[in-house]
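Put the complex together from the two separate chains, hints included.
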Amino acid sequence: MGQPTKESILYDEEGSEDDEMGDMNVELSESESESDSDEEGDVKLLEPSKKAIYNREGLDEKRQDIIWPENVGWIHRLSIDITQEQEVDVNDDLKREASFYTQALEGTRQAFEKLQSMGLPFLRPPDYYAEMVKTDAHMEKVKRRLLTEQKEMEEADERRKAREAKKLSKEIQAQKTKERAKQKKDEIESVKKWRKQRQQSGFAGDVNDGELELPFEDSKAFERSSKRRPGVAPGDRSGGKARQFSGKGKKGMDKKRKGTEFKNSKFGFGGRKGMRKQNTADTTDDVRAFNKGGMAGNNKRKR
Amino acid sequence: MVKKRKHSETKAVEPTNKDDDNSVQERPKRTLLGWKDKTEVKETESSPAVFRNKEKVLVTCSRRINYRYRHLMLNVVSLLPHCKKDNKVESKSSKGATLNELVELKSCSSCLFFECRKHKDLYLWMAKCPSGPSVKFIVNAVHTMEELKLTGNHLRGSRPLLSFSSNFDNDAHWKLVKEMITQIFGIPKEHRKSKPYHDHVFNFSIVDGHIWFRNYQITVPHNESDKVARGGLDKMTLIEVGPRFCLNPIKIFGGSFGGPTLYENPLYVSPNQIRALEKRQKAGKYAKKVKAKKRRKMHELSNPLEPNEFADMWKE
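The listed protein sequences correspond, in order, to chains A and B.
Be aware that the first sequence starts at 1, since it is given in full-length UniProt numbering, and climbs by one per residue.
Be aware that the second sequence starts at 1, since it is given in full-length UniProt numbering, and climbs by one per residue.
There's no promise every hint is true.
Simulated pairs of lysine-lysine, BS3-like, Cα-Cα distance not exceeding 30 angstroms [stated by the list, open to error]:
| id | chain 1 | residue 1 | chain 2 | residue 2 |
| --- | --- | --- | --- | --- |
| 1 | B | K118 | A | K51 |
| 2 | A | K51 | B | K92 |
| 3 | A | K95 | B | K136 |
| 4 | B | K149 | A | K141 |
| 5 | A | K141 | B | K92 |
These are computed hints drawn from the structure, not numbers from a lab.
Bound conformation, chain B alone (with noise of 0.2 angstroms):
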């Protein structure tokens, strides 16, 4: 019952917005003045078929995965109504074609996939279906949302704003990723589990060479929300809702899952290199303490102590 109550509440917001958007907006000036319109208004009534975002983001992760990254996908799903989850996918070398099949089973249109590998690195791989390019992620810095200091909360499936810090379009590569998370985390509008409110804005900003996302609410003070359309602005508040992460560009590719390279970031080092290299460095301790006493003794050698004068002054 209670579901049934709010699916028409929402039917009757929704109808109002859409016909904010061309009719109500039109009707008045239809009559007055004939057809003299804001332009913007005129674009859609102009352009052949008016456009229809019909994203569709398949969720998947790899086997073996991670519990905190397992949390992360599932945190990711709950925040894209758009989003269809599935079953874990096997990780090797053949997973592109498997995947790419599970994106056409699920009509879906793009898909993330949360790659975990030895039990400690997330990859994240973002594609465009059929054709489109895709792009590999190494996920750092990861917060759920179930962490209790992030003390914010939206509705569920709200459109999120999303907001891009603008060196985005600095690069070809950025301005690649920027488009492709526009769509995938944007969603649909009149998508049918959406909402029709705004209370939640997604930030994506690139810092380091990484693209930090949080989530944050947005809130005015209370009673104050009827108000807010014309002086609450400057009361509005954020909270964090999360999660956090951080992607780091691996490489993009041409095609879903494969393709030729279009880029591959010169800064990258994987995680294995890392781990490999801290051993090395463990390893080396000892040489170098060996090393170092060696030294010492070669030291001592070469300039011996001269004989001390007082040494046995007070022995008499």
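So that you can see chain A by itself, here it is in the shape it has in the complex (with noise of 0.2 angstroms):
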């Protein structure tokens, strides 16, 4: 019995709060539409309050008694009206900043042709060296700030550059790749053809074997291996790993392939070994074969 009362207790507390919350989210939403209107932190009332005090012609009045004299010379108020051409708008900063910095050039413009017609000097003389608002150091400052600016935006330029410079590099290796793969099957399909061709004539072209065109003799087919590899003595015929040997080798060998492997590599199989022994550029460069303890040597001997 106790618990429906609760309920039904609970329930009108939550529907009074309900209406409060209503009334309150009236007047959250006016207020949210206020400070959209204006980000700066200053809200304004959307409509003139009604009761704001304007006195006119206090204001007039006050004027009058503390303007200067009509015929005070525009020498001692320096001051310049510019009309703006149209309204701008508060929260776009650059507008705003623009048309500010406008009036304040055409107002400048006409001071100084009002300054000349007077004969007044204008800009100070460039000899002319007095104290400044913001001193050196400040300048300084804003001068070196300046500087690693334009050094940043430098950077990030070169960067850029970079980047862009090696994605063209790849799209071109991959091209390249591309290509060598098409060549290489351009042969083999030429070497294929060839045979067909052969077999076909019933190896009649056997004896003149010579005249025959090879199409991949003549071409790039055995550059390669004419190209110097880096680590491998001239007279190395294994290439320095006796890949292309073992890949030869027959399916039985496999077992003590890998041994073999790395002995002819290292000993050489067949072939002239006089050449293999010789220095090249990288073996000369190559100090890992150096005695480390050399100093601790040297130390002793002084002694």
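Okay, structure coming up:
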């Protein structure tokens, strides 16, 4: 019996709260719209309040009280009125600042003309040195900041360029490999063709083999072998690894291949050994095998 | 030594200015044609007492001022050679009387009082002192001169040009404010700390009911500054020096720091109210959430889901 009553009470409470919240929400939505209208923290009333005081006569009177006499020369005042062409959007920083800038510039020009007609000096001559508003130390800081900004910009530019170049080079590389693969395929194809041709003709061309056109013979088929490979002695036919050799080997030899391969690559298998034992630029530069305890030995020798 | 030399230099230049105004231009005319002068020159001649601007501005701030606003005040001090800086004043209800006394003591004719409240809001009082009107502004969007993005620089104490946007003449209160600004921010001619050249311009413009202040340096390209008299007009550029601020007038009073209210900004909302509103908004967030939840529940109850006929299609 107790529970339902409790629930009903709760419901009642919620209902009443709800009403209050509803009221609040209305206010809040109003306030939101207000704050949206201006972001810089100063909220305006949407409508001007009616009871605000505006005593035009009093204001004018006060102005007449403080105003300088009419016939005061412009040189005392130095003030210029500039008409703004159009309304500026306050929240658009760039436009706003630009409008201020143009206003100031226009004013400066007019003032300058006036001063010129009076024959008064305007800008300071270049040899007139005097205390400035901002100290030299401060201006140094400003300069430094400008410089660093410029440098940063340049660096970013460079980075971007490098990135683009990398992308480009990748593309080129991909194209190259593609081309190479294509070339290889073509060559194989041509060999096959030649073989077929030979078979079809019943090895008739056997006799005049040398006269047969071998498309792969004179082209770039063997070019690679003539290329120098790094880390391989000039006379080493195994190419430092004897991979070609093992690749050609029969399947039965696979088991002892590893040891053999290594040994072959190290000690050679066939061919002249003499060239292989000569130093090349790479082996000369290799300092791994040098004695590291040399310094200590030197010291000992000194003593 | 250096100071002395500078002083003599300025002195040396200044008399020529004055002469340009009055005597040098007159003299040949007087000898040739008797007393036929330009009207302007005649006026100054005929006026009983030559006008002399003796404006002096007291610049001070309230206690517990924010560092940013304090820097702004110091910048203003550095811009106005005809001002006197004074100690901080306790910001309480009787500050008007204190300030009036201070101004009198310092023999100033106007006052800029930077009042900081709650370490957040800066109010600027601009007052003409013995009897004149006073305006209370709230200051927004403050950028001090120390900011490194403002790269200009100009002579300390050179007289600024004052450039006003034309909408200052639209209304009575703007007119009054403009007059006060010209008197307070314009440096008196031949003030002893001022320099005889004009290399910066104060820009005041009304946008959105606020007065925006900017300070620009006037530059022409190098080694042409002597030629500027002839053709440098187009090459003239401005560089911002700072500070920047934006003044929103709240009230204009008849007396200095008090007196009858002559104007009230009808659109003004105090920052305290804004903050309160924000707070309430935050408070409302939870309530909204709860309400939305409840509404969702009600909606679900009133629109039950239709039984899905394909629900156990794949179960067999």
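Each hint tested on the structure:
Between K118(B) and K51(A) the CA atoms are separated by roughly 28 angstroms; this keeps the pair inside 30 angstroms, and the hint holds. Annotation: proposed proximity of K51(A) to K92(B) holds, straight-line Cα distance about 27 angstroms (limit 30 angstroms). For a cut-off of 30 angstroms, the pair hint linking K95(A) to K136(B) stands: about 28 angstroms separates their Cα positions. At roughly 10 angstroms between alpha-carbon atoms, K149(B) and K141(A) fall within 30 angstroms of each other, so this suggested pair holds.
Between K141(A) and K92(B) the CA atoms are separated by roughly 40 angstroms; this puts the pair beyond 30 angstroms, and the hint is violated.
The structure is inconsistent with hint 5 alone, although it conforms to all the rest.
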